[in-house]
Amino acid sequence: MARILARFLVLLLVVSICEAAPLFQPISDSHRSAALELFTLDHGSFKSLEETYEALRTFQILGIEKKPDVTAAACHSISETVGSLSSTPKDLFYALKANSIAECKIHAKASKGIISSLNSAVSGSSSLLDFYYSVGGLVLIKDQSSKDDLQLADAEGVFRSVKAFSQSDGRWRYSSNNLESSAFAAGIALETLAGIVSLASSELDQSLISTLKNDISKLFDSIEKYGDGTLYFDDKLVDGYEYKGPLSATSSVLRGLTAFAAVTTGNIDLPRDKMLGLAKFFLGIGVPDLKFYLACRVSIPLILSLPAAVLSLTKKDSLKVRVATVLGSNAPPLTVKLVGVFSSVSKDASLVESQELKFDQGSGLHILNDLLEIIDVGSYTFVFEVVLQEPDDEKVYVTGSQTKVPIFVTGLVRIENSEIVVLDSDLGSVESQSKLDLTAKNAVSLSANHLQKMRLSFRLTTPRGLAFKPHQAFLKLRHESKVEHIFVVGNSGKHFEIVLNFLGLVEKFFYLSGKYDMEFTVGDSAMENSFLVAIGYIELDLPQAPEKATRPPLQAIDPYTRYGPKAEITHIFRAPEKRPPQELSLAFLGLTILPLLGFFIGLLRLGVNMKNFPSKPVPAAFAFLFHVGIGAVLLLYVFFWLKLDLFQTLKVLGFLVVFLVFIGHRILSHLAAASAKLKSA
Amino acid sequence: MAREKSSKDNAQALFHSLRSAYAATPVNLKIIDLYVGFAVFTALIQVVYMATVGSFPFNSFLSGVLSCVGTAVLAVCLRIQVNKENKEFKDLPPERAFADFVLCNLVLHLVIMNFLG
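Going down the list, the protein sequences come from chains P and H.
If you read the first sequence in the numbering used here, its first letter stands for residue 1, the second for the next number, and so on.
If you read the second sequence in the numbering used here, its first letter stands for residue 682, the second for the next number, and so on.
Just chain H, with the same shape it has in the complex:
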């Protein structure tokens, strides 16, 4: 009984500490995290739709899902490069990273639109 309570307390304490730690992150990183969340959610909704109605225009499904996943991945890369605490990318100006992000997204979406059919 006490152990259960302690594990529950532990979980709660863990959750709270995570939350407060997250609050400390800079705003631009939070924006990127939000964007990634939005992309993943969109992908999930598309998968649920395909599960409901079947995968008939499979290329359309793939292009939709892969566009979400691809943009999420690019956003993650951007976050890595922009994060000031990351020693590896200390010399890379964030504007440069953002320019890469934009360009890669444009290329990704061209391919996606072609595949959409």
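The shape of chain P in the complex, shown without the other chains:
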């Protein structure tokens, strides 16, 4: 009883979502033909088992009839996979899923083979997807071969292994190595766990189920939100290849949730507004999530749609409304009422009274004629209500409350009394006047000086004779040098007028005298006859520009030249230092050697001798090595300057210095001993 209650609760929530279905088009032939184009047979079979399953499922949901070649191709690949011993759990899973739609026969021997390979796959699984495919496959084969005694050995152990992939924030990981977690994986995990519960031989530990329910609520805490109230699940974009997107993630979570709700007792506490937000997400995307509507099998929502949301008064369009079920089939007998029409001006008060639309049996549409009597041009919100005629239908169909539809009404706006006048500024007397013929181009030619004014005026009326304010009413003056000025024409009621006082505009026009082309435009989205007309030209005589006046902005000859190549940048480098001429440097090098020569000459003059050089061989060798050592160090320094770096030098120097110190100590102590002996003697 509790189990039925839980299932009913989930379905009720889903139904409430269905009730909230806003206006959009039900599934039509365009969806079906798109699906057929998408899933085509390539040499008599689909590219993979996954694609086979997706094709069959899509055709089933869209209501496309089973085609014999598609079914045959599917059965062929299914039986191939099922019969082969080397099929992976993933292939078996998709083959069995496709089989649940295609309903091909599977041999008992093949079923036994599948069951044993899937069972071994379950025990050998190490990642979430492995578990998903193997457990899912077992659930499917249990349904299809109606083996009610098929059970999962050690269901609790498998449950715990899958649960090990969960994280504290409600998301799940794909494997113990991969640290990335996602909501999509959470959906897959929930489906797998639901499958395990259904395959378990005995009741699983309730504490496991309740921790799982906690995980689900934590997952729902991480739900993301768009500004208009739609809610969805999304995963972090880490690796573009692996990223599934919000639609996949959200539908995966809901699939898992419904699967889990179907197998567990008790309630899953989910806030109703979150379910509503998820519904808006799916409906807002525009592609109806068909899983949703299959769950809505309990109550079929009726969708109100309009073939055209823009109505033209000139063509005398009538308002047409179509009511159909979600999947595009006909609705039961009902009436459509226009409850009210609201515009941006009158948001609360309806412009018309509530009336019923007439049902036309032939086209299946509800029609309202004679709109002209009701409303004028502009944009409105029409509010409709659907009332079922048979009281029994109310249990089967869901109509929802009032539906608001934005409707756009267009028509011809009359423009009359248009004229352009040049006036004398002081006296206000008319100097020249011409009527504007908006069909004729460049008909007007006027001239004025800076002391005069120009006035353009006209009247706009809607088809019903009311005042109309268009989105655009501009007058553009363009000088010969392509400098442009745009003015907005203001209105009071139906009368539109603009007065250009040239005395005040002299500076704005950059003191440029000459011929100005005039362009006049009136436009609105509700106006069927918006226009842009070059009405003619006006010769303006403006005074000379004073020296401090601003120059007009440079007009590009070709406005796209600003995208062309720019000037070359010349880099200024630091000038190299002045070096002396080489001869001078060499001369001084020679000069530097001179003191050294002087030193040697001085030594010779002093009578330097080598008498103290030890004669005995061992000390002589040491003495010689001492000098060699010093010479080697000095040579090392020369190499250091020429090409070695400090670290290499220090390394070699280390060895040399140790050597030198040892040798030096020996020879010098020997010499010291010799001189001490001499002194004492």
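No lab work stands behind these hints, which were simulated from the structure alone.
Some hints could be false.
Unchecked claim - Subject to a maximum C-alpha distance of 27 Å in a straight line, what follows is the list of computed DSS-like cross-link-like pairs (lysine-lysine): (1) 677/P - 765/H; (2) 320/P - 347/P; (3) 765/H - 611/P; (4) 679/P - 711/H; (5) 768/H - 677/P; (6) 611/P - 771/H; (7) 765/H - 679/P; (8) 768/H - 679/P; (9) 686/H - 677/P; (10) 771/H - 677/P; (11) 771/H - 711/H; (12) 611/P - 711/H; (13) 771/H - 679/P; (14) 515/P - 469/P.
Add chain H to chain P, keeping to what the hints say.
Below, chain H alone, put in the same frame as chain P:
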């Protein structure tokens, strides 16, 4: 006139006495003095060169001059330590002083070569 002559004579007499006193110094000290003179002269020539052409690779100039000056200073230290008339360093064997001189010169020249660039 007589005073001038006497001052000139004095200067000459001073010079002569200095010279004869210097002749009495031991030869090894004279060698060291010669070495110091050579080092200082080399430094002077380098300074004249820098004055002529400008100090562009300043680090090279510095290293050259400082190597001369440094070795001169070390030689002076050696002279002080080796001089037998210096009572302070009576117990220091001259070979030891010479070993210090060699080692310090090697270190100085390593630094100089590094700085030379």
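Please verify whether residue 320/P and residue 347/P have alpha carbons no more than 27 Å apart.
holds (23 Å)
Would the hint linking residue 679/P and residue 711/H be met if the CA-CA limit is 27 Å?
Distance ~22 Å between residue 679/P and residue 711/H Cα, so the pair holds.
Do the alpha carbons of residue 765/H and residue 611/P lie within 27 Å of each other, as the hint requires?
holds (21 Å)
Does residue 677/P sit within 27 Å of residue 768/H, going by the straight-line distance between their CA atoms?
holds (21 Å)
Under the criterion that the straight-line Cα-Cα distance not exceed 27 Å, is the pair residue 765/H, residue 679/P satisfied?
Distance of about 13 Å is within 27 Å: holds.
Taken at face value, is the distance from the CA of residue 765/H to the CA of residue 677/P at most 27 Å?
Given pair residue 677/P, residue 765/H holds - Cα atoms ~17 Å apart, limit 27 Å.
Would you check the hint for residue 771/H and residue 679/P, treating anything up to 27 Å between C-alpha atoms as holding?
holds (14 Å)
Next pair to validate is residue 771/H with residue 711/H; report whether the Cα-Cα distance is within 27 Å.
Judged against 27 Å, a Cα distance of about 19 Å means the pair holds.
Check the hint pairing residue 611/P with residue 771/H against an upper bound of 27 Å on the C-alpha distance.
holds (25 Å)
If you draw a straight line from the CA of residue 768/H to the CA of residue 679/P, is it 27 Å or shorter?
Holds: residue 768/H and residue 679/P sit about 18 Å apart, inside 27 Å.
Does the alpha-carbon distance linking residue 771/H and residue 677/P stay inside the 27 Å limit?
holds (17 Å)
Is residue 515/P within 27 Å of residue 469/P, Cα to Cα?
violated (31 Å)
The structure does not agree with the numbered hints 9, 14 stated previously, though it agrees with the rest.
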